[in-house]
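Enquirer: Sequence:
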Amino acid sequence: MLSILIPTYNYGLKNLVSGLKNALNSVDVAYEVIALEDGSTQYLKENSEALNSLNNAQHIISKTNNGRLTSRLQLAKQAKYDWLLFIDSDVLITEKLYLKNYLSKINSGYEVIYGGFCYSEEKPDQNQILRWKYGKTYEQIDAEKRNKNPYKVVISGNFLINKTTFIAINSEIDNDGYGYDNFFGAIMKTKNTKVLHIKNNVIHSGLDSNSSFLDKVKKSVVTIHNYHIKNPLKLTENSLLETYKSISKIGITGITSSIFKTTKGSLEKQLLSHNPNLRLLQFYKLGYLCSLSSHKK
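The working numbering applies: residue 33 is where the sequence shown begins, and numbers increase by one.
Treat the hints as calculated values from the structure; they're not laboratory data.
Heads up, the beta-carbon is just placed ideally off N, CA and C, and yes, glycines get one too.
There may be inaccurate statements among the hints.
What the hints assert, rightly or not - Lysine-lysine pairs mimicking DSS-like chemistry, simulated, CA-CA at most 27 angstroms apart: (1) K221 to K109; (2) K262 to K223; (3) K296 to K221; (4) K165 to K109.
Claimed, not checked - Quick list of simulated restraints, FRET-style, between CB atoms: (5) N47 to K132: 29 to 39 angstroms; (6) S326 to N88: 44 to 54 angstroms; (7) L129 to G286: 47 to 57 angstroms; (8) N88 to G286: 16 to 26 angstroms; (9) E153 to S58: 24 to 34 angstroms; (10) N47 to A175: 17 to 27 angstroms; (11) N159 to N258: 51 to 61 angstroms; (12) S58 to I92: 19 to 29 angstroms; (13) D247 to K112: 30 to 40 angstroms; (14) M33 to S290: 47 to 57 angstroms; (15) L129 to K281: 18 to 28 angstroms; (16) E176 to L76: 18 to 28 angstroms; (17) E171 to Q74: 47 to 57 angstroms; (18) Q110 to K248: 40 to 50 angstroms.
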């Protein structure tokens, strides 16, 4: 009935498996657990030992890194049940009724159910403060608020989805860059996919360093730019893309790009500081997107 799918890359699964084991003890359901190492070179033995402590668990090791899109599609196609629960390897399950909460919604008429993300209240090391502040501000959102714009905050690290729906949506995304959740949400909106958000958070514990996260932010902007050029998204709740389309209409992308290029060094210095300003990060993303677009012209 339930396929629990864990894509991972060089991350230890011991803590996740421990929380998952507790959650499995509270339900009586047919299930399987499949973890896919996407070109990992670390934690392979440790992860095998952790997964061996579970019933009905598989540990697949891919020697090549195929990316998030391909690895998730591989997991979905290998799954034998109709409902897929995707869990990122760097999260913690602390809610004992975690699986029961999801299973209670399977017959509710929804095709996709998002549980939500949260972050520790305790500040991390200064070297991880940017990722923590971003997650607390833009990802740790109450289910009630998420349901008002159901395609906006869609985080692939903790969600339940019908297998047929997942494969259909995933097959329309041909860019495996960082930030593909944006297009997943847009395609769901185009298809009028029935999405429900519930309070069933996991804790995101695998925080990137400030510099690594800023690099991922830039990669996500490149992904948005490339995908939008190939397949202009008419229906989306992505704030960055909607802002970009608005300023494009009034012809100020060039000015925004120029300001960004002039201030890029100062912006990066501030964002990598001990007190990063998230409003500046939002401008950084917009300015970078405008610079990519003006470069193409």
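Enquirer: Please verify whether K221 and K109 have alpha carbons no more than 27 angstroms apart.
Expert: holds, 23 angstroms
Enquirer: Does the Cβ distance between E176 and L76 fall inside 18 to 28 angstroms?
Expert: violated, 41 angstroms
Enquirer: CB of N88 to CB of G286, is that within 16 to 26 angstroms?
Expert: violated, 57 angstroms
Enquirer: Using the Cβ atoms, figure out if N47 sits within 17 to 27 angstroms of A175.
Expert: holds, 24 angstroms
Enquirer: Take the C-alpha atoms of K262 and K223, compute the straight-line distance between them, and say whether it is at most 27 angstroms.
Expert: Within the cut-off at roughly 19 angstroms; holds.
Enquirer: Are K165 and K109 close enough, with their CA atoms no more than 27 angstroms apart?
Expert: violated, 35 angstroms
Enquirer: Starting from the hint 47 to 57 angstroms, judge whether the C-beta atoms of L129 and G286 obey it.
Expert: Given about 53 angstroms between the Cβ atoms, the range holds.
Enquirer: Can the suggested window of 30 to 40 angstroms be confirmed for the beta-carbon pair D247 and K112?
Expert: holds, 37 angstroms
Enquirer: Can you let me know if the beta-carbon spacing of Q110 and K248 is within 40 to 50 angstroms?
Expert: violated, 27 angstroms
Enquirer: State, for the Cβ atoms of L129 and K281, whether the hinted interval 18 to 28 angstroms holds or is violated.
Expert: Because 47 angstroms falls outside the window, the suggested range is violated.
Enquirer: Could you say whether the range 44 to 54 angstroms given as a hint is met by the Cβ separation of S326 and N88?
Expert: The hinted range 44 to 54 angstroms holds for S326 and N88, with Cβ atoms some 53 angstroms apart.
Enquirer: Assuming the hint says 29 to 39 angstroms, is it satisfied by the Cβ distance from N47 to K132 or not?
Expert: Distance hint for N47, K132 is violated at roughly 20 angstroms.
Figure legend: structure checked against the earlier numbered hints; hints not met, in rising order: 3, 4, 5, 8, 11, 15, 16, 17 and 18.
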